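Go ahead and model the full structure; you've got the sequences and the hints to work with.
These protein sequence lines are chains A and B, in that order. First residue of the first sequence? That's 1 in my numbering, and the numbers climb one at a time after it. First residue of the second sequence? That's 1 in my numbering, and the numbers climb one at a time after it.
Please keep in mind that the hints were generated in silico from the structure rather than gathered at the bench. Being a predicted model, the structure only gives us computed values, none of them experimental. Not one of these hints is a red herring.
Here are the simulated lysine-lysine pairs, DSSO-like style, with alpha carbons at most 27 Å apart:
{"id": "1", "chain 1": "B", "residue 1": "K56", "chain 2": "B", "residue 2": "K184"}
{"id": "2", "chain 1": "A", "residue 1": "K75", "chain 2": "B", "residue 2": "K245"}
{"id": "3", "chain 1": "A", "residue 1": "K33", "chain 2": "B", "residue 2": "K184"}
{"id": "4", "chain 1": "A", "residue 1": "K103", "chain 2": "B", "residue 2": "K143"}
{"id": "5", "chain 1": "B", "residue 1": "K13", "chain 2": "A", "residue 2": "K3"}
Anything over 12 Å on all C-beta distances counts as not near chain A; from chain B, calculated:
{"id": "6", "residue": "E125"}
{"id": "7", "residue": "Q130"}
{"id": "8", "residue": "G188"}
{"id": "9", "residue": "P263"}
{"id": "10", "residue": "D279"}
Ideal Cβ placement from N, Cα and C applies to all residues, glycine included.
Below are the chains, spelled out letter by letter.
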Amino acid sequence: MPKHIFRLIVVLVVFFAAASIAKWYFTADSFYKYGHYRADSVPEIAAQEPVLQTARYCQSCHSERHAQWSANNHKSVTCEVCHGAARGHPQNGKLPIPKDTAKLCSLCHEAMPERPRTQPQVAVAQHSGGQQCIVCHNPHAPKLAGVVAPVAGDVAAGGSKHAASCASCHGEKGISPNDSWPNLAGQHAAYLVRILAAYKSGDQKDVVMTPLAQPLSTEDIQNLAVYYASLSCVAPPSQSRVGDAAAGKAVAANCAACHGETGVGSNPAWPNLAGQKPVYLVNVLKAFRAGLRKDPMMAGVTRGLSDADIANLAAYYAAQSCQPATQVRNKP
Amino acid sequence: MKEINPALAARRKFLKKLGRAVTYTGAVIGAGTLVNAQSTAAKSEPGAAGGSFPTKDYDWTKHRWSYGVDATKCIGCLRCVEACKLENDVPATAHHFRTWVERYVYLEGEDKPRIDSHHDPVNIEASGSQREYRFANSYKDAKVDKAFFVPKLCNHCLHPACVQVCPTGATYRTKDGVVLIDHKYCIGCAYCVQACPYGARFFNYEKQVSDKCTWCYHRITKGLQPACVEVCPVGARIFGDLDDKKSAISQFVRNNRVRVLKPETGNAPNVYYVGLDKDVI
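Laid out in structure tokens, this is it:
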């Protein structure tokens, strides 16, 4: 064989050998296993950790809230839509509770011509007058029906019932003589109806109140509620010093959306807190925290409160004027 | 012609030898490849026999994933777009996204719809942020003839053009019907971004690779729904297994007159739509 031909063959053989070694070396083992791709990349992609954890994950701790949410109209809006992705929670801290609900809710409920008619929509500016949505709507149970049912009762009949059954503890004019029992004067009638009905039905229990509320008729409850609502809430300042009102003001910012900035709320379904007895407030907040009083909203917001927070909150609300700010200003 | 020209004879001899050399070299390489293939097969067999692929709890031969969009239900809240970006670590700008929602508005007296999406400047201004998305209520006082939203995403085609053009085998279709990207093999040439007739792919400038919807492959292989389906508050997005006749997607495809986008491209897409207008492409 001529030399130059031999050389050519050697070069070719070396080239092919080098090429096949290079291909063998640079191609991942799994490359042609299932096709023209690296099979190992499939388990790599499948192994990524999910970020959104689903409502079932939230349920494992927040079962009460989950039960309320899943029984109401927002059950198709999962927890993480509003509270953010739950990966790393609770280890890495709390998830946000949206503050600007007017912005959040309008993502779905602002009236737009593009939206299907079946979607509940409002022209936000006219509907709320600039208020946050959660002033009236509980985001976990958004429908208002029944919550603020109108209260129609007889003030005089309520007055005589009060004198007979309630005045010894709650005071002659609905202002309680000691700091552990609540003032009822000037309270929202709808709230009082709800609470008395809860004592009557057994949804809410109290050693003293349960036996007193059980014999009340629905009519009695309505009468009592309008009677208390008609009384003046102005009360002498309470004697107990339970905490630091200034520190309580900071905590109270979280309650303002429902109970008003100074504890005078605009929604009659929820109680006014301004001027309320401080020891009573402490007891109620602790009862919510311990689950003795059942309310999904209050259970959630009291869960993170320390004893000191509760004492400060109570001191803050007890020190506030029970009358709306505008009326106070009108006084001479 | 009996006497052969010596020059021709020499040439014939050379060609014979060359032929033999090529045959032998071919045989050697062939044998080498065969040995190599056998060793690969030997390596892969225990894995295939010992458990399911790609994870031990999930066998990709037992599923045929598909996706449905009911455009008549979409309210344009864009929770899907935000959830997708959280779930899949998509760059936090309005212009990089794996799924998006288009708004079609037909105004009185106009023959063409006005189309925009969350990354339109008007809508970025309405949300005030590149990370949060909302549609500006631009048409609330306009005379609107007809208007609706259309969610869009990768169609996970049966014959994907993007896979065909990939020079490195970095993108492929899995046996359960999902088109994935191997980010370790992607060289970032972005041919696939150009090839996709749906504009479903984008170039991820943070990772320097092509990126797109995976139907949340890491979620569906764990029995979860894709993030966008999980958060959709109105059920406009439906996902499931076509091999399971009771799944939501099987019922969706069976009970509705569905259509796909751009069937004429021959990609055979796997996202089925209900409630599209003639102008939606």
